[in-house]
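Colleague: What follows is the residue order along each chain.
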Amino acid sequence: MEKIGLAICHCGLNIAGVLDIKRIKNFFKKDPKNLYVFDENYLCSDAGLKAIDDIVGEQKITRVVIAACSIKLHGDMFREHFEKIGISRDLVAFVNIREQNSWVHTKEPALATQKAIEQIQAKIEYVKLLEPQERVRVPVTQEALVIGGGIAGIHGALAIANAGYHVYLVEKDSTIGGHMPLFDKTFPTMDCSICILGPIMNEVKEHPNITLMTYTEVIDVSGYIGNFQVKIKKKARYVDLEKCVGCFDLCRGVCDVELPGRFFPMKAIDVKFPGAIPLVPVINMDYCTGCGACELACDREAIIYDDKDAIEDIKVGAILVATGFKDFDPTGLREYKYSLNPNIITALEMERMLNPEGPTRGKISVPSTGLPPKKVGFILCVGSRNKNLNREYCSNVCCMYSIKQAILIKERVPNCEVYVFYNDIRANFKMGENFYNRAREENHIHFQKGTVSDIQSINGEEDDAPTIKLFAEDTMQGVRMEDEFDLVVLATGMDPPDDTDKIANMLNISKDPYGFLMASHLKVRPSQSSLHGIYLAGTIHGPKDIPSSILQAESAAVKILSILIKKELEIAAVKVHLDEDKCDLCRLCLDVCDYQALSIENKKIVLNSANCLGCGACAAMCHTNALWIPGFSSEQIERQIDSYLANKSQAPLILAFLCNWCAYPGADLAGTNKIQYPTNIRVIRVNCAGMVNPSWVVKALLEGADGVIVIGCYEQDCHFTSGFTKAKNWHESTLAILEELNIDTNRIRLENISAGEGKKFADIVFEFSNSLIKKK
Amino acid sequence: MEYIKRNRIDKISAKISEEIVKDDLELIRACYQCGTCTGSCPSGRRTALRTRAVIRKALLGLDQVLDDPDIWLCSTCYTCFERCPRQVPVTDIIIKLRNLATQKGRILAPHKSLTHLLIDTGHGVPINDKKWNDLRESYDLDPVPPTVHKYPSAVKEVQTLVKSLGFDKLVEYKPPVNTNSKKDEKPEKKEEKATRKGRKSKIKK
Amino acid sequence: MHKNLSHEEITPPEYSFYLGCVIPNRYPFVEQATRNVLNELGVRLKDMQGASCCPAPGVFRSFDIPTWLAIGARNIAIAEENNADLVTMCNGCYGTLIDVDHQLKTDEKKRTFVNNHLVKIDKKFKGSIKVKHLAEVLYMDLGMDKIRDSVTRLLGGLKCAVHYGCHLTKPSAIRPWGGETEDPRFFDELVEVIGCESTDYKDKHMCCGAGGGVRSAIKEVSLDFTRHKLEMMREAGAECIVVMCPFCMLQLDLGQIEVNSIFKDEISAPFAIPVFYYTQLLGLAMGMHPNDLGLVKHHNLKGVPPFVDQEPILSRIFKELGYDYKQLQKQSVKTES
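These protein sequences, in sequence, are chains U, Z and H. All residue numbers for the first sequence refer to the numbering used here, where the first residue is 399 and numbers rise by one. All residue numbers for the second sequence refer to the numbering used here, where the first residue is 104 and numbers rise by one. All residue numbers for the third sequence refer to the numbering used here, where the first residue is 429 and numbers rise by one.
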């Protein structure tokens, strides 16, 4: 006989501080024969799991409903645990009473408790319909791909390679190293950047387990954890990697073409910096005049003018994304006059000036005169902590690198005065505060509190007169400042690199609201992307310093190794199931499948499971229910709809279908950030917005839902190929149906959010709810 | 004793910020006191107005912010708001503070007479001398513009609104006793003549 | 396509013409110039009968926001009755009217509140029209091509200090200029298209000082803004100032006389930079007669604008265009007497 166990978690006061657990328990005590309800302070703790074990044994529980945090947090852990104690992981259902209830309805305990009861009721109905699924064992390609050869990618690759597994390290630039080799010194140790990095870069080049591919881009990725197929493009370098011995002065010396860029002087044939790995130049064909001088000069015959891009396919079991950052471009901050005055430079440009291999050979000078500066101003938070620029984040490193640069300037131009205009100094790194204090005490750097509001160019009488006037408030005293400087450094923050959207789409992983890649959990899974088998390291995940990038890379490497070490993985295949007998050969599913998973042969529908990714769009088209995705079948969804509406306690009531990839984690994020919204929403998780059958929506409205909303990913971010596009089509048809039924079409909505947009989710609920209230 | 100054903040409260938040200016709470506003402020370049400090005092609920003349030194140029990295509506907050100060009777005397002009005539800068009519006429315009000046009923409308909103009481307006009715009629007659005369000329070619 | 074009020709663009206070009551030649220039450009203007003070955003809004909203809404309601978008020549009026319009269009609670008062005077804010500044009508509605085509003679590189004023561009979120406030270009383009040179000067986008009730209550502070602006303009070699706001115009025109007096010890020499409203110069470039652009005095009144003598600069421009300033003035005085 089946008996359901309902386990309710208090999560300390996280849940129990808002919801009335006793009331919930009492509500479900009515049917002890079929349903056993119990609660625990922390279900996920040892004690909680022990209690589960005992009760499952005592009560002969066969199916389980866990009312706790989001399925996205501990779902896998609980499922594995139940599997161990003899209950199929497929017979466990989850009720999200934390991220999507107690945390977002803090001020409405009574309504929130009622909502929790209704959420549990729906899942009890749902769990009854679940069936154990076959597991698929898939072989693992025991190799890894690291995208990006900066400090994070290098350390990730080395960690994996040193454990004995093969790594492809793909770098789009002509050399590995990323930003770090461009710097002179690094904070807070003040050791030379290239001296630390150089040997590590060499280690990468020489490592037997690393295949280094520079000037190479990833152009396509398919597959899943353990089995990714990756297409890479080796861009034409026009210099033979095998023949070139890296003397590079011969070819570069004869090249007449200088590329634009004050602080990054390069020829049309050049290496990025003298310590480049590999030390092989590339020809920039956008500028090369084809004069042939380098070809003549090269005694190794390494120049290949007709070099071509080459495409290669590789297979890997896991991927580490470490594509770094882009320096914020301050041109758009018009009040700072960057690019209008040569003596206003960015911090990265200052790094080049400080670098002995840079354009000034390490000499600090005022660009317009070439003379050493007398008074230098640093402006912090340029492109960071700024709502106007949609960059509300702190870039984490600008305070420290500015202090470093200030110290270096003081060391090289002792008579120069250095002022750092700051709002808050953030020195919370190991030895950071010491470094900050040292700058004040030993190096006499002056820290000036108050953000610079604008900059004016001025012309003095003398040649070496200052050309810059800064306007600010000394906020400590409440006095205005207007002072003159001859060199100003804008401490620019970090942006995600330009191609991040492309990479995120290619890999099907989520971005945060600022365009950086998002970890699957902000705290407890800091290096895991939103997709199994893909990991993140370094600044692509958000601004961070060198040690933090390395930490994250090595943490990701451990995660990757835990995959590579297995020859086989057991995965829950979310794939479409077919009941041939029900099929009436209407063929609608064939057109809608992006993956050629369905075909008709000999007047019979044929399912090619290997091709199916489980988006469920075909099931949405199937009017006979011959196709379904386990866990999301029409019956399983409709039973939840029935339950929610039979127990409707609030009006207007919104029924929401949230896609598993963006919308559901987005709603969870609203919870994590405690962004409040009304309680009158009931959520049904679906695998993709494209699987939401119009009949579910209509059914919900007819059964009493006041509004129905389907929320998916942004169209271009769809985890599948065109799920949201399909959802748009279904939405159109639903509107047509509603018109025919004479139902107000404003009662349904289709929206998209990203996994990083908790606030937008809450706004949508508010707005939709208000619009429904107005209708009433 | 001149060196003894027992300046201190005795009590901080949310009473002022709550009034401000009520008017959709909740972003006052986003302020992180960076001083970009003060640095941008053309008035602060020559006066004691420190917009950052105004926001600070408002957040702390210090009455001083309503009593000091500083808030009246803002020329409402909105540069602070445009540059504020936190999107704090500094100018609108100052305007709201001025509303609160006015409710406390802190409106400046010249401003008060300006409000009386508006209530009397419907214009903040009215035609209060015949020379302005003559000036208009000399530029081929109707000596009386087609504004409240031409339509006494329109002045009444403005006055009705002012009363309906209690603005007259707020600014302690007292209607002029005798001259009111005469004033209403006189200019109208004159206008009509003037209109015909004015319109003859080359305004419309 | 062709039909559409001819259709546009028979229904000229039409606007509700909002005068405000300063232009009709102090600077009427701006009203004259603008009416005539817009007429020449094929724009129909509908007077807003009984319109009041906007009311001024710096002063009346500062005293009582609800009253400001209601009186502003009354003015917009008059334009709504005209069934034509509102155009104003004044940055202050623009600031009030576009802000009121925006708030009432987007905030239902405020709209209900205001309409509950407007009903007492039989008016209603419907939100059916747009509020525009003259600059927007010229630059966007008519468009630079149209302005360029209408120009028949260029004004010989007159060095103009363009003063945008604040509320024309800020707050930028509810202005049509694409968010640019540090260095917008549209007004400079308008000035350059008539053959003038827009002289770059420091603190070009700084406030003239008149707004926010500062001029009316604490005049020396407002004039200190003005002093600074005038110094920057003079330093850059500007021959005249061009504005599109009468309050800025008043501050920069009458303000010079006041600055010359109260800051006489601080300035190197008295200021005498003539101030023009943009349409006065545009009209000249369009071939219109100075008499129709308020550029020639028709009176002997004392203490009326323009306060800074425009004769020296106008004599030069007029000469290039084939007029004689003295002659024009004599004629005009004659017609008058």
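Hints are computed from structural coordinates only; laboratory data are not their basis. Accuracy of the hints is not assured; some may be wrong.
To be verified - In the PhoX-like style, the derived pairs of lysine-lysine whose C-alpha atoms are separated by at most 25 Å in a straight line are:
(1) Lys259/Z with Lys538/H
(2) Lys632/H with Lys1172/U
(3) Lys761/U with Lys713/U
(4) Lys632/H with Lys266/Z
(5) Lys552/H with Lys1172/U
(6) Lys1172/U with Lys125/Z
(7) Lys533/H with Lys125/Z
(8) Lys867/U with Lys647/H
(9) Lys259/Z with Lys272/Z
(10) Lys537/H with Lys1173/U
(11) Lys828/U with Lys847/U
(12) Lys785/U with Lys259/Z
(13) Lys548/H with Lys1173/U
Just so we're clear, the structure is a prediction, and the values are computed from it rather than from any experiment.
Colleague: The structure should be examined with respect to each hint, and the outcome stated for every one.
Modeller: Hints, verified against the model:
Between Lys259/Z and Lys538/H the CA atoms are separated by roughly 23 Å; this keeps the pair inside 25 Å, and the hint holds. Taken as a hint, the Lys632/H and Lys1172/U pair is broken in the structure, with Cα atoms around 48 Å apart against an allowance of 25 Å. As the CA atoms of Lys761/U and Lys713/U are separated by approximately 48 Å, the hinted pair breaks the 25 Å bound. A hinted pair counts as satisfied when its Cα atoms are at most 25 Å apart, and Lys632/H with Lys266/Z does not qualify at roughly 41 Å.
Among the hinted pairs, Lys552/H with Lys1172/U is consistent with the structure: their alpha-carbon atoms are about 22 Å apart, no more than 25 Å. Under the criterion of a C-alpha separation no larger than 25 Å, the hint pairing Lys1172/U with Lys125/Z is consistent with the structure, at around 22 Å. At roughly 19 Å between alpha-carbon atoms, Lys533/H and Lys125/Z fall within 25 Å of each other, so this suggested pair holds. With a C-alpha separation of about 28 Å, the suggested pair Lys867/U and Lys647/H falls outside the 25 Å cut-off, and the hint is violated.
Only pairs whose Cα atoms come within 25 Å are accepted, and Lys259/Z paired with Lys272/Z is accepted, the gap being roughly 17 Å. This hinted pair checks out: Lys537/H and Lys1173/U have alpha carbons roughly 17 Å apart, not beyond 25 Å. Our distance criterion of 25 Å between C-alpha atoms is met by Lys828/U and Lys847/U, whose separation comes to about 23 Å. Distance hint between Lys785/U and Lys259/Z is unfulfilled; the C-alpha atoms sit about 46 Å from each other, more than 25 Å.
Simply put, Lys548/H and Lys1173/U have alpha-carbon atoms about 29 Å apart, too far for the 25 Å limit, and the pair is violated.
Hints 2, 3, 4, 8, 12, 13, counting from the list given before, are not met by this structure.
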